[in-house]
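2 protein chains.
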Amino acid sequence: MKLATLKDGTRDGQLAVVSRDLKNAHIADGIALTLQRALDDWHFIAPQLEQLYERLNEGRTHRHFDFDPTRCMAPLPRAFQWADGSAYVNHVELVRQARNAEMPASFWHEPLMYQGGSDDFLGPTDDILLASEEWGIDFEGEVAVITDDVPMGTNAAQAASHIRLLMLVNDVSLRNLIPAELAKGFGFFQSKPASSFSPVAVTPDELGEAWQDGKVHLPLRVTWNGALVGQPNAGVDMVFSFPQLIAHLAMTRNARAGSIIGSGTVSNKDARKGYTCIAEKRCLEMIADGAAKTPFMQFGDTIRIEMLDAKGKSIFGAIDQKVAQGGAPKARH
Amino acid sequence: MKLATLKDGTRDGQLAVVSRDLKNAHIADGIALTLQRALDDWHFIAPQLEQLYERLNEGRTHRHFDFDPTRCMAPLPRAFQWADGSAYVNHVELVRQARNAEMPASFWHEPLMYQGGSDDFLGPTDDILLASEEWGIDFEGEVAVITDDVPMGTNAAQAASHIRLLMLVNDVSLRNLIPAELAKGFGFFQSKPASSFSPVAVTPDELGEAWQDGKVHLPLRVTWNGALVGQPNAGVDMVFSFPQLIAHLAMTRNARAGSIIGSGTVSNKDARKGYTCIAEKRCLEMIADGAAKTPFMQFGDTIRIEMLDAKGKSIFGAIDQKVAQGGAPKARH
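These protein sequence lines map, in sequence, to chains A and B.
Heads up, the first sequence is in the working numbering, so the first residue is -19 and it goes up one at a time.
Heads up, the second sequence is in the working numbering, so the first residue is -19 and it goes up one at a time.
You can take every hint at face value.
If several chains are the same, the list does not tell them apart, and a pair holds so long as it fits within one copy or across any two.
Subject to a maximum C-alpha distance of 30 angstroms in a straight line, what follows is the list of computed DSS-like cross-link-like pairs (lysine-lysine):
#1 Lys273 x Lys302
#2 Lys164 x Lys273
#3 Lys253 x Lys164
#4 Lys302 x Lys291
#5 Lys(-13) x Lys3
#6 Lys(-13) x Lys302
#7 Lys293 x Lys253
To be clear, the hints were calculated from the coordinates, so they are not data collected in a lab.
Just so we're clear, the structure is a prediction, and the values are computed from it rather than from any experiment.
The whole structure should be built from the sequences, with the hints applied where relevant.
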């Protein structure tokens, strides 16, 4: 099933069911007001949503309407947890190599993960408002899962069954703020502004055979200012599966319903697959030519992140955003 | 006014108003079901809660009941943001000194802050369940504020007016997991299990003259296994005020209503004031004797964190917890 959250003037938006072809939507009224509410009581709510989804796909609903991604908030407009892994270790290795730093061997068997801000996500077509281009504005194309309640101590084998939904993410990063911030030792903070999510979140069964071993085996297509710059396969070179990332998260604490866990920037060793963040392109340039040439994003730049199924149909709808100068309060609702 | 969240079987609990002397409570029914709901619409909701608070203090309510901290969840049982500063730079300097590492001078004028997990907070008397004593279980006594909506780019002068409530925190830390985790460069994650909060959150006016310059000028009393081990003044040696911490948080993003910002471990340069986390005691021992003697917490240990006003009355009620072996799902509600 596919779910979206529509802008309705509230902080958490209005939950809607979206048809498989992303053409029609139907308010989930009488079932659950918000996606968080559905996740809080998934076993009771999900079957009702599934039923509506079936009727919508079969054209048996009367009050459906055209699905419009520009009316979407993030599926969870605010969440109680956003934990982002770095499962494509190839990406990490490239970054290190570019600055002549050795990567600890432990990075191949112990996931990297940071806690992100989750109180103010952007919808798929919301502008990315930032005060300064000097911050080194970059996109990061990722896949993410949403879990139900994951008890502390859950292992990877158990974690798989806690994955309820999947989404795409643009984990916007401010590259020029990262070195000083990481040097302080407490991880990312100002260098990670609001993240953006795909129009719909989908249940794993929507991925069919592409959902294997806790990974999504499909290319993630990233288009920057109209040019396709990357299409790495998200199932290739993902060193830690989503269940492994969840187990890492839950080692010393519970993860509660509605927790979002990200894959980290999708990256394949095969450089012909392109890049899903500018930083990686710059690293390759630095390794090849001793200097990075590709600049970071400028105000007015656009970024599109999408995933197509084997038949070329969009699964999650597209993240399709513009970077703009801002910094004043966003009037999003 | 003083607000608490009572266990009622739901994830977000039931909002209650608590009398100034912490003796009586009254359900905020007809006003707001949950504290998050009140924060989402503070200008409309707060005056109604204030009115109920006044009537409760004057004994003019009919349906009040005895306030029982053991029935409390954290004021926000789950929150959309928990960002913890490290404003008592003295503490950071001691930790560095103990391991012969120099502290960058920038730490005195640029706040340290990490993003914490906020999906699963503990109530003030909930057991701290952890799987292993080997992790180096430590308490951390802190003060925290809750904000309303803080627009991106808000400066420190503007930030003060966004502080709606204050609480005490036990930011439980797993010291033996920290070195390896920080060495990976992405900040704390597994080393920071669920944090615990005081029975009530209070509006700044409840602190009277003790609330000055965005700091709480009162001792934070920490009692470990029945012995008072620290009573540093939270207004002394706090290098960054709460408004400064909020401005740091909001530089590149909005902070939305219900964001919790912590002070970091309260610590005074005057070592006679004792300690609010064991790590600091161990650092002092290491500097003095070359070796740390005080062990971290053991299963069965108790920790009490409280703040008294000038007349010796508890302001927030006490965080009063036991550490116990766990790791299976918590049946808290």
